[in-house]
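We have chain X already, so just place chain E on it with the hints.
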Amino acid sequence: MARMTILYFAALRDASGVACEVVDSAAPDLRALYNELQARHALPFPARQLRVAVDGDFAAWDEAPRDGTEVAFIPPVSGG
Amino acid sequence: MVDALLASTALPNARPWMAGRDDPKPVMFRQGWQKEKFPNQSPQMKRFTLADTPFDTTTLRANLLDERVGGYASFEGWVRNHNADRIVHGLRYEAYAALAESEGEKVLDEALEKFDIIDARCVHRVGDLAIGELAVWVGVSAAHRDAAFAACRYVIDEVKARVPIWKHERYREGDAGWLHPEP
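These protein sequences, in sequence, are chains X and E.
For what it's worth, my numbering labels the leading residue of the first sequence as 12, then goes sequentially.
For what it's worth, my numbering labels the leading residue of the second sequence as 5, then goes sequentially.
Pulled out of the complex, with its shape left as it was, chain X reads as follows:
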């Protein structure tokens, strides 16, 4: 079981209703972690449309969630 801080941005934040939350999860990888949270909050994107970041760096979906980290799900960007 890992305890993480999850950050939500843009439409993901609107859907979850929070900018961040602390989550305990036994998900084997970040993709499974997202799938759990997607189900809980009815998040509007499948994982394949997102990128994931851990502690401020882009990460791979098959990485294992690590206790004490900050995980951010990055919806499609629209700067510029």
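Check the hints yourself; a few may be wrong.
Said to hold, decoys possible - Partial pick of chain E residues on the chain X-facing surface, computed with a CB cut under 7 Å:
| # | residue |
| --- | --- |
| 1 | Gly81 |
| 2 | Val83 |
| 3 | Leu103 |
| 4 | His128 |
| 5 | Leu138 |
| 6 | Lys164 |
| 7 | Val167 |
| 8 | Pro168 |
| 9 | Ile169 |
| 10 | Trp170 |
| 11 | Lys171 |
| 12 | Trp182 |
| 13 | His184 |
| 14 | Pro185 |
The hints are simulated quantities; they were obtained by calculation from the structure and are not laboratory data.
We put the beta carbon where it would ideally sit given N, CA and C, even for glycine.
For chain E alone, coordinates are given in the frame of chain X:
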């Protein structure tokens, strides 16, 4: 709008567009003394910056010019009054600040590696913007124009594609929404 910005500055947690940055810092641009002190551009110097207030491109441009420069190219992205078929009344940019700054820095590092340029900078606004405000600025200096144009194009394209910044548009009809284009 100025009042609202000043008020929100007093409350660090009241700036959702800067979410993810632990300690919001004022925007700092390179000053003349730094140019003398660090003639070869120290590695810790920031080339990509998020700005939560309007910024002055004259200073940014001046900081890129020196005796080696034969060509300077810039791109300015402005808030327009429409998108697709909708009339837009204003917008807000939100960033995952920590990652936006590091990814933006990577884009500029790549531009310096790929193109024969002297230097490059990018500033992107966050927060609430009105129609006609400057949203993003890219400046590139080079000995010759081809590299300056190409690098400028590369930077704005990569920033738009990769840097975690999101646009929230407000429409004439009163509704609003995030833009999340499919990759």
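Here's how the hints hold up against the structure:
1. Gly81: Given a least distance of 5 Å, the restraint on Gly81 (chain E) holds.
2. Val83: violated (11 Å)
3. Leu103: Holds: closest Cβ of chain X sits about 5 Å from Leu103 (chain E), inside 7 Å.
4. His128: Interface hint status for His128 (chain E): holds (6 Å vs cutoff 7 Å).
5. Leu138: violated (12 Å)
6. Lys164: Lys164 (chain E) check passes; min Cβ-Cβ to chain X is 4 Å, inside 7 Å.
7. Val167: holds (6 Å)
8. Pro168: Holds: closest Cβ of chain X sits about 5 Å from Pro168 (chain E), inside 7 Å.
9. Ile169: holds (3 Å)
10. Trp170: holds (4 Å)
11. Lys171: Interface hint status for Lys171 (chain E): holds (4 Å vs cutoff 7 Å).
12. Trp182: holds (4 Å)
13. His184: holds (4 Å)
14. Pro185: Hint on Pro185 (chain E): holds, closest Cβ of chain X at ~6 Å, below 7 Å.
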